[in-house]
Amino acid sequence: MRKNLNVNGEVRVVDVPPDMPLLWVLRDVLGLTGTKYGCGIAQCGACTIHIDGRPVRSCVLPASAAGGAIVTIEAVGNTPTGAAAQKAWLDLDVVQCGYCQSGQVMSAAALLARNPAPTDEDIDLAMSGNICRCATYPRIRDAIKRAARS
Amino acid sequence: MTLQAPQLPTREIELVTDRRRLILGGGLVLGLAVASVKARAQTADPSRVNPAGPQPLSTDDVSAAAGEGFRGFAPDAFIRITRDNQVILIIPNVEMGQGIYMGESSLIAEELEVGLDQVLIAPAPPNEALYKQPLLQFQGTGGSTSIRGAWEPLRKAGAAARTLLITAAANRWGVPVAECVAERAMVRHTPSGRQTTYGEVVDDASRLPKPEQVALKDPSQFKIIGKMIRRVDTPAKVNGTAVYGIDVIRPGMKFATVQSCPWRGGTLRAVDDRAALAVPGVLQVIRLPDAVAVVGEHFWAAKQGLDLLKVQWNAGPNANMSTEGLWASMEQASNAARGAVAHQSGDFDRAFQGAEKRVEAVYRQPFLCHAPMEPQAAVVHVTGGGAEIWCGTQVPTSAQGAAAKILGVPPERVTIHNYLIGGAFGRKLETDYVEQAVQIARFCPYPVKMVWTREQDTQHDNYRPLYLDKISAGLGADGLPVAWRHRVTAASVTIRFVGPAGMRPNGVDPDAVEEAEDPVYGKFQNMLLDYVQWQPPEGLRVSWWRGVGPTHAIYVVESFVDELAHAAGQDPVEYRRKLLRNQPRGLAVLNRAAQAAGWGTPLPAGAGRGVIVQKSFGSFLAAVVEVQVADEGDVRLRRITVAVDSGITVNPSVLKQQVEGGILFGLTAALFNEITFERGRVQQSNFHDYRMLRINETPPVEVIHIQTNNPPGGIGEAGTTAAAPALCNAIFAATGVRLRELPVRRELLRKNARKRTLAPPIAAALGARLLTPAEEVRDERADANAANDRGELPLDGIGEP
Amino acid sequence: MKRALAILAGLAVLGLAVFLAIFFWPAPAARAVAATAPSPQLIARGAYLATAADCVACHTTENGAPYAGGRPFVLPFGTIYAPNITPDRATGIGAWSDGEFIRAMRHGVGRNGEQLYPAFPYTAYSKMPDADMLAVKAYLFRLQPVRNEVRENGLSFPFNQRPLMKFWNILFHRSSEPLRPDPQQTAEWNRGRYLVTSLGHCGECHTPRNLLYGYSGKALSGETMQGWTAWNITSDRAHGVGAWSEADLVSYFRYGYAPGRGVASGPMKEAVDYSLSKLTDADLRAMAVYLKTTDPAAKGPRPVAPATLTRASVAAPAPGEADSLGRQIFEGACASCHAWNGQGQQSPLAALRGRRSVADPKGLNVVQTILRGGNLSTPQGHAFMPAFAQAYSDREIAAVANYVVAHFGGDEGQVSAKDVATARRQ
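Protein chains in written order, with the numbering used here: chain F, 1 to 150; chain W, 151 to 951; chain L, 952 to 1377.
Isolated chain F, as found in the complex:
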């Protein structure tokens, strides 16, 4: 299947099986390895990307269904909330191994974009689908609040 994908503001033409999850198109065909594979069944959120600003688990999104503007961790810093999240992540030393953090930042950026002042409950709603094995959760919560204030 030949398909045009709008990835990080550029049109990329890919020739991939229609049922190939977007995650593998990004990683193995386009070389965008910032988006991570964790579980393959939408349980961990490491593969989170944005499509038209909403957070999507790319590990279960078939390439054939991937329309709209795709933004990955490599470019989310160009959005105001993405940049704010990244800065707050640094300020509060959120990251440990870092493997899940692409997905965490993507989920947080999407949350901040639709809700500039999230409560703890809003953070739970938006972030509970993202697993962190290093359990950086307390700092993720604080960092989202910090980014919201900035």
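Don't read these hints as lab results, they were simulated from the structure. Please note that the accuracy of each hint is not assured.
[To be verified] Computed cross-link-like contacts, DSBU-like style, restricted to lysine-lysine with a CA-CA straight-line distance of at most 35 Å:
1. W:Lys460 with F:Lys3
2. L:Lys1250 with L:Lys1369
3. F:Lys87 with F:Lys145
4. F:Lys3 with L:Lys1229
5. L:Lys1250 with L:Lys1169
6. W:Lys377 with F:Lys87
7. W:Lys460 with L:Lys1229
8. F:Lys145 with W:Lys373
9. L:Lys1313 with W:Lys901
10. W:Lys673 with W:Lys282
11. L:Lys1220 with F:Lys3
12. W:Lys282 with W:Lys367
13. W:Lys377 with F:Lys145
14. L:Lys1220 with L:Lys1117
15. W:Lys367 with F:Lys87
16. L:Lys1220 with W:Lys460
17. W:Lys306 with W:Lys360
18. L:Lys1369 with W:Lys901
19. W:Lys377 with W:Lys282
20. L:Lys1169 with L:Lys1117
21. W:Lys901 with W:Lys728
22. W:Lys373 with F:Lys87
23. W:Lys282 with W:Lys360
[As the list claims (entries may be wrong)] If the Cβ cut is set under 10 Å, some of the chain W residues that face chain L in the computed set are:
24. Asp781
25. Gly783
26. Asp784
27. Arg786
28. Phe837
29. Arg844
30. Asn846
31. Glu847
32. Arg896
33. Glu897
It should be emphasised that the depicted structure is a prediction, and the values quoted were computed from it without experimental measurement. The beta-carbon is built from N, C-alpha and C at its ideal position, and this holds for glycine as well.
With chain F held as given, fit chains W and L onto it using these hints.
Frame of chain F, contents of chains W and L only:
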């Protein structure tokens, strides 16, 4: 197909420290890496090149620095300074989230008198001679040993290099060394104000003899150590540019994924691969003795092919292995008349018989999977007489050796490029995934990236072993223990990893008894601790897991001490205070944690607090966990309070990170995790059945850092070792049910089940079955064992016979 | 008084006599049927009919040889094991004559004249003409014989008394004649009726039953079986499938999924996998045509999305919705795929909006799906849902099921932790 990769902007992020502004960004820290990657990119297939920018922190990019061809100042294994004053620090331990790039570069930079913003960081290549870990005695990262091992050598390396550089400058100026000082990679002659960069004197310094002795700074002079400085590896980890083993892309690389035999010790019998080979993009089906792999143009093709294989296995010797059967076998082993004695003092039998009260308990801990977020992966290119390997590993030399053995070549023909690790927790002390990738790559004329599915990773991990602990104590009139008997039965991880040399001469696995032997309270009176090595079935390999021995022992000891406190009718904090009379550091953390947690203040119905105090990896830590238990038995975490004294702390921010994450990591396992076998197969596969704590289940975590001038302790695992006992003690406080088996069995905590688990009248108050005076103990274990055989010992928290 | 007693006694004796007569009345003799050598066409037709009759689903254990029997059916009064119907002479049906086969299919009588239990849907199969039955037999006799001695049924008294089934037949199996085509209806409708009521035996699950396990109430108006609810599939537009297009129904039969209508799970998924997905388009259309003409029944849940759902977005529920344990489980383990507005996040197959399962306050199918997961391949893509039984407690699963019912169905869920514990055992 658009072949041109987009050029993403490199962002520089400003970080403010206590002293000055550090500019830490991809461009600066990883400058060297950028150059080499750009060179490589020109030769690569452009559609395959990682367009994300710099490939940070891999040996690949700094081999020029670490290798023999380096031109400049190379006084030791860790420091390289070029003539243009570029400082490169070679970090002996691997970064897997614990912040060691930060910690070890701080140690060197502190004494070398360079800013962290002035250095490049490179992971050490495999080289036992240069990078052997002083505590582990091999080149590896684990056991919370890194800072403890590096504390002296790396500071001394920095100080020695600084001394040489100052001397070289002083000699050039013809002034006394004492009149010169170093700061930020410069030497200054204080009286004249002359100054020079390190780079300008590297050739002179290289010719000087190494100083015999160097003076290390007094802690009051530290500029970096102990300061809140942000981690150097964060920027790349929040903008997608960090490269983990699974992210490596090589020119012409293909992708493989694997199914190993579902039965440990089983073999591949036959594969029908017709359907798989018909999948577009599938290139090869590779048969290994105990696995089958599919290679494709991308992971998805390989995975589709793998799913379409019709595979037949020889189940082998473990076709009927079950968790139940393994426990029965452990139980039998634990009844051995003699174990290997780890510690014996006084006369346990007599003291136990003469005790006012006697308490006994049996604890069980399950198999645990490491389940790091990054599934196992490695890129291997087998060429004529050797191989190049790109992966993340905690043990680069072992990986190199294992690969060389498979290929039948000397180790130096295998190059290991070590990468960031997406969580390890002990998993990457194993080299199985590297070996399997090498076996696959032998059949491939191109570099191949093997990526395990999460299911393969969950089911083919080498697990933290089962532990069976039988423990008894006699209490004196004051309620404190006067006799202490503990038998540990477990498979030996040490013998697997280190071999007989790691064991004590009498057969004790030091890992299995660590912290049981020498708990925070010091040795108990009339103490007998022994170890029975259980032989797991062939093919079932056990592994180190975050917290290693202490995770096992502290759960048992701190749960049991809690049982003793209740048996003595004393408050658990007060009881521990008495036991810590001679341990001021332990007492201090206990008091701080108890006070901060509001110990003793009222809680709502169904809630409870549990406390533990421990010494592990050279750090002292006390934790109070607060839980709420629902009538149906579900446990919710309410609050966590930790006080920690890790001695001199290189980076307080990283310390807090590790304690927060470490205790939540341990709580995840205690609440949810066990690997079980049925008919030889693992019953868990992914995060839906091997459950992870989520942010909405995470309570507030307060970490109180007590700074002392003791030598630094390890901190990567101390939080984890505290988790399970604090949790179970809290559950006891909330419900009166003593959980002696992990993970938490919710069915035992249901409101209508709770009464059954308390044997009236004594145990209702005490949580453990007490022996009546009539049940005298004749042989040290015979009675306990016999009682156990009769099912009389409390096994699962069900206290009545 | 005495007279009355005498009459009563007489009636009792008479009753006993009738009872004994029925109890011990011999089964109808198997008819002799002229033997003909089966042609390849006959065998092929038999294979298709056996598929439409979904024999394999019941007569095969998990990982067992097809048709070799042994699958347990746990009923309130004990466990019945499906027999081996491969042509093995000792343990299968290899020794059966054509007449004996027809007798079993039409009257529910075994080879030795014993009564069969109506778990075997002879009430439906009896509507088949002899020729079709024999085609099925011809196919079964071409299978590889498998030697597999199936366990004895484990039924309690009095259910272990097979002759009692004669009374059941008097009550519930009144006609054993083949269906006669309805000349008022099209051939397609008649074919559909045959597939639905006879071969497909849809009523076995979808028609309500009374305490004696006999049909009662409107055909196909919904029933709970084996821990799952088989929905109302009458032509009622609100409660049944009257509002589904023929294309919806055909898609559902073929793939277990129809856009906007939900997915097949549990026993229905098995029916799709083993049987419906393998039928011809014409037959599936015929079934759809027939179903849309059945007597409508206004019974069971009505899949209507609540107003609050329209205020939810893909990424968040409607503002002001109360937090709960159920929602916490959902936000962690479920929302990534199902999305807060019920449209499905990455795949329409994960859409919950408008599904009947989420409109059922008992939440039976929701609970079963959470416990067991699902796996579906359709032209709209592949969907996989993991099974959450192992890692989540009864209380958590009940809570999330109730949340799903409230959030997507607008009703108050009634699932208790105990219900989940029961569902785990089914």
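Determine which of the earlier numbered hints do not hold for this structure and return their numbers in increasing order.
-> Per hint list: zero violations.
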